[in-house]
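Please construct the entire structure, taking both the sequences and the accompanying hints into account.
To convert, note that position 71 of the sequence shown is 88 in our numbering; the numbers rise steadily by one, no gaps.
A couple of the hints might just be wrong.
Stated by the list, open to error - Pairs of lysine-lysine residues, derived as DSS-like cross-links and limited to a Cα-Cα distance of at most 25 Å, are as follows:
#	residue 1	residue 2
1	Lys332	Lys100
2	Lys48	Lys100
3	Lys48	Lys30
Source of the hints: derived by calculation from the structure; they are not laboratory data.
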Amino acid sequence: MADTVLIYSRFPKAMMARIAQRFELIDAAGKPPADSFNAEQLAGVRALITAGGQPLGRDVLDTLPALGAIICYGTGYDGVDLKAAADRAIVVGNSPAANASAVADLAMTLLLAVTRRLLPADAYVRSGGWAQAQPSPLLRPPRGLPGRRIGVYGMGEIGRKIAARAAVFETEVAYHSRSRHGVPYPYYPSLAALVEWCDVLMIAVRAGADTQHIIDAAMLRRLGADGTLINISRGSVIDQAALLAALTDNAIAGAGLDVFEVEPHAPDALSALPNVVLTPHIGGHTQEAHVAMQDCVIENLASFFDGRPLPYAVK
Numbered sequence: 018m019a020d021t022v023l024i025y026s027r028f029p030k031a032m033m034a035r036i037a038q039r040f041e042l043i044d045a046a047g048k049p050p051a052d053s054f055n056a057e058q059l060a061g062v063r064a065l066i067t068a069g070g071q072p073l074g075r076d077v078l079d080t081l082p083a084l085g086a087i088i089c090y091g092t093g094y095d096g097v098d099l100k101a102a103a104d105r106a107i108v109v110g111n112s113p114a115a116n117a118s119a120v121a122d123l124a125m126t127l128l129l130a131v132t133r134r135l136l137p138a139d140a141y142v143r144s145g146g147w148a149q150a151q152p153s154p155l156l157r158p159p160r161g162l163p164g165r166r167i168g169v170y171g172m173g174e175i176g177r178k179i180a181a182r183a184a185v186f187e188t189e190v191a192y193h194s195r196s197r198h199g200v201p202y203p204y205y206p207s208l209a210a211l212v213e214w215c216d217v218l219m220i221a222v223r224a225g226a227d228t229q230h231i232i233d234a235a236m237l238r239r240l241g242a243d244g245t246l247i248n249i250s251r252g253s254v255i256d257q258a259a260l261l262a263a264l265t266d267n268a269i270a271g272a273g274l275d276v277f278e279v280e281p282h283a284p285d286a287l288s289a290l291p292n293v294v295l296t297p298h299i300g301g302h303t304q305e306a307h308v309a310m311q312d313c314v315i316e317n318l319a320s321f322f323d324g325r326p327l328p329y330a331v332k
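Right, dumping it as structure tokens:
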């Protein structure tokens, strides 16, 4: 049987070209495979590459009778129905840590952009307000980062790199995760306790049923009026309606968001707020991160087709 791989999501052309050198590809271009290919073509698919956050359920798997491997491009795999895959003995792999540095860099970029009010400052210069001596939106100096308390929710590879970067800015760093890790930062046994302590909450936790809307109105109240929220994880972790209300009412100071509940849509009401910086899920979007993620995908595929365990298997 040919080493046929179904491309389930939309991916960079460079990745497609690299993988096509090793494997036979058919591209669903983000559509249900049955809409693009006939049953005979789908019967030859042995592996599938997907973006981890894109829903991939039993209904799609049932159209792929020979499927043996689902390979996620990136760290996340929350869109994959893991039970449906396990029921079929389909192995699932991802690209752990491949984009961790890039995502951590963006987390700090968002924090600086929000706290230093870079977007209003940029608009003030571009509009001619500075040159014309118009009233500045920045008359009240913002707090700097030194001395701030940075709470990192999730201490995987991305969380560790965020914490290390934050510490360089002369901040205090603490964290909460499902268990303690061997890191030089205080551990809080509950998310609520961490949020009570910190004035910047960095969300780096993996998405799942146990984290759905865990950042709700009550948690945002704990963060407080001086608090800043940064999310580079998944939009599902935050109750978006509660966040919108908190930002509108100045119940928290600001937010930097790279992810949203329903992508690629950021609510208009959120986009209109001056205390928010929004980016289009680009945390892992650097040349180095893409090459590293492609390497993981290719290694996982090669191992699968050679009959070996995946080097980057989802446990």
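Inset, instruction - Starting from the hint list further up, note which numbers the structure goes against and sort them upward. - result: none
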